[in-house]
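Model the full structure from these sequences, guided by the hints.
Numbering (the numbering used here), first residue to last: 80 to 214.
Check each hint, because a few of them may be wrong.
Only pairs whose alpha carbons sit at most 20 Å apart, straight line, appear in this in silico SDA-like list of lysine to any residue [unchecked claim]:
| no. | residue 1 | residue 2 |
| --- | --- | --- |
| 1 | K90 | G132 |
| 2 | K146 | L195 |
| 3 | K92 | K146 |
| 4 | K96 | T124 |
| 5 | K96 | R115 |
| 6 | K146 | K129 |
| 7 | K129 | T84 |
Rather than coming from a laboratory, the hints here were simulated on the basis of the structure.
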Amino acid sequence: MPIITDTFIQKLKKQAKAKCKATPLSLTQIQDEMAREYGYLNWRTLITFKNRGAVRIDDAESWFRQKYSDSSNRSRIYPAIEEPSEIFEIIASEFDFGLEFHQGGRMAELAESLALECCWICEEEIDRHAQGEAL
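See below:
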């Protein structure tokens, strides 16, 4: 997972300048879009959160789906995660994301989308519970 450092910002700037030459979009528009790909509202917001995590939305979604599964086929003994803010906090804490849910842009949209899909449970919690029963 990348951390927002001066080097990371410079790398994104170079990528944005290269894209700017090949598209009619302005440099600002391209930088804002790049920031949104990492879940931040815009470029200014991204550079404000130096030393915090930066994760692409699709990578965050893949990670979440690997760690959590649909709880509808499971018994009620496992705690279900169903609120978008809970999902957002789980992702934010894993990747040291700098924003709060109400500021979360596309990351908050991802959390809302996942919450609408189903209630989620942590696979590690199920494994721990199963190991406890086996002992």
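Right, here's what the structure says about each hint:
Distance restraint check for K90 and G132: the Cα-Cα separation of roughly 15 Å lies within the 20 Å cut-off, and the hinted pair is therefore satisfied. Distance restraint check for K146 and L195: the Cα-Cα separation of roughly 18 Å lies within the 20 Å cut-off, and the hinted pair is therefore satisfied. Between K92 and K146 the CA atoms are separated by roughly 33 Å; this puts the pair beyond 20 Å, and the hint is violated. Of the supplied pair hints, the one linking K96 and T124 holds, its CA atoms being roughly 19 Å apart against a limit of 20 Å.
With a C-alpha separation of about 17 Å, the suggested pairing of K96 with R115 holds against the 20 Å cut-off. Taking the CA atoms of K146 and K129, the gap is about 27 Å. The hint is violated against a cut of 20 Å. Distance restraint check for K129 and T84: the Cα-Cα separation of roughly 6 Å lies within the 20 Å cut-off, and the hinted pair is therefore satisfied.
The structure is inconsistent with the numbered hints 3 and 6, although it conforms to all the rest.
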